[in-house]
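Each step along the sequence shown adds one to the number in the numbering used here, with nothing skipped, and position 34 is 245.
Derived from the structure by calculation, the hints contain no laboratory data. Hints should not be assumed to be uniformly reliable.
To be verified - Below, simulated DMTMM-like cross-link-like pairs (lysine to aspartate or glutamate); rule was C-alpha separation at most 25 angstroms, straight line: (1) Lys275 / Asp323; (2) Lys275 / Glu231; (3) Lys275 / Asp378; (4) Lys325 / Glu262; (5) Lys275 / Glu379; (6) Lys325 / Asp355; (7) Lys325 / Glu335; (8) Lys325 / Glu348; (9) Lys275 / Glu262; (10) Lys275 / Glu348.
To be verified - Label-pair ranges, simulated between beta-carbon atoms: (11) Arg255 / Ile235: 37 to 43 angstroms; (12) Ala234 / Gly394: 35 to 41 angstroms; (13) Val236 / Gly394: 32 to 38 angstroms; (14) Ile230 / Phe396: 38 to 44 angstroms; (15) Gly281 / Thr343: 51 to 57 angstroms; (16) Pro393 / Glu305: 23 to 29 angstroms; (17) Pro257 / Asp323: 29 to 35 angstroms; (18) Arg255 / Ala295: 19 to 25 angstroms.
Note that beta-carbon positions come from the ideal geometry of N, C-alpha and C, so glycine has one too.
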Amino acid sequence: MAVVGRWRRNQRGGVRGLIEWVAIVVGAVLVALLVKTYLVQAFRIPSSSMEQTLQVGDRVMVNKLSYRLGEVSPGDVVVFSRPAGAAAGTDAPEDLIKRVIGVGGDTIQTVDGKLVRNGTPVDEPYLVPGTTTTGMEQPVTVPDGQLWVMGDNRNNSSDSRVFGPIDESTVVGQAFIIMWPPGRFGTL
212 MAVVGRWRRN QRGGVRGLIE WVAIVVGAVL VALLVKTYLV QAFRIPSSSM
262 EQTLQVGDRV MVNKLSYRLG EVSPGDVVVF SRPAGAAAGT DAPEDLIKRV
312 IGVGGDTIQT VDGKLVRNGT PVDEPYLVPG TTTTGMEQPV TVPDGQLWVM
362 GDNRNNSSDS RVFGPIDEST VVGQAFIIMW PPGRFGTL
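Please put together the full structure from these sequences, using the hints given.
What follows is the structure, given as structure tokens:
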């Protein structure tokens with residue numbers, strides 16, 4: 212009789228232990244989904260449009276809360292949904308990553324190979340020395356609620372010079388750190 216009682220207690224303890232483990236795993240999955248959906252997400256860099264800042268294959272972390280709590284600023288590196296005017300092949304990513312050059316109300320143009328915003332040449336230390344920026348010889352004023360984005364690899368980037376300004380609402384978040392490969396770990 213005592214053996215049967217111990218067996219039943221052990222069986223109940225095993226079931227309780229299994230239920231606890233299932234609850235822990237389900238809880239961890241839910242937390243991971245919430246973090247990825249609302250806080251941060253990793254993105255892989257698929258093209259050379261942001262070189263030298265980002266290399267093909269780099270993985271960056273993107274803060275999805277950054278623009279719910281603050282404003283987009285020129286110089287920010289953002290991930291956004293592919294605009295309708297952007298060329299897309301069968302293996303093209305749904306999201307793109309570029310640098311914000313202008314926000315609503317800014318006037319952007321290129322003069323003698325240099326980027327000019329609101330009549331002032333823009334200091335762009337993230338570009339490879341000697342890089343020229345072309346394709347915007349006529350001034351463009353960015354509409355309110357939109358952003359002008361460009362890749363750091365200006366001669367090899369399909370950006371707002373091709374597809375126009377993007378809606379701020381399409382921004383997924385701000386890229387803030389390179390996580391992979393380990394040798395390139397650092398902030399943006």
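*Could you work out which earlier hints the structure fails to respect and list their numbers in ascending sequence?*
1, 2, 10, 11, 15
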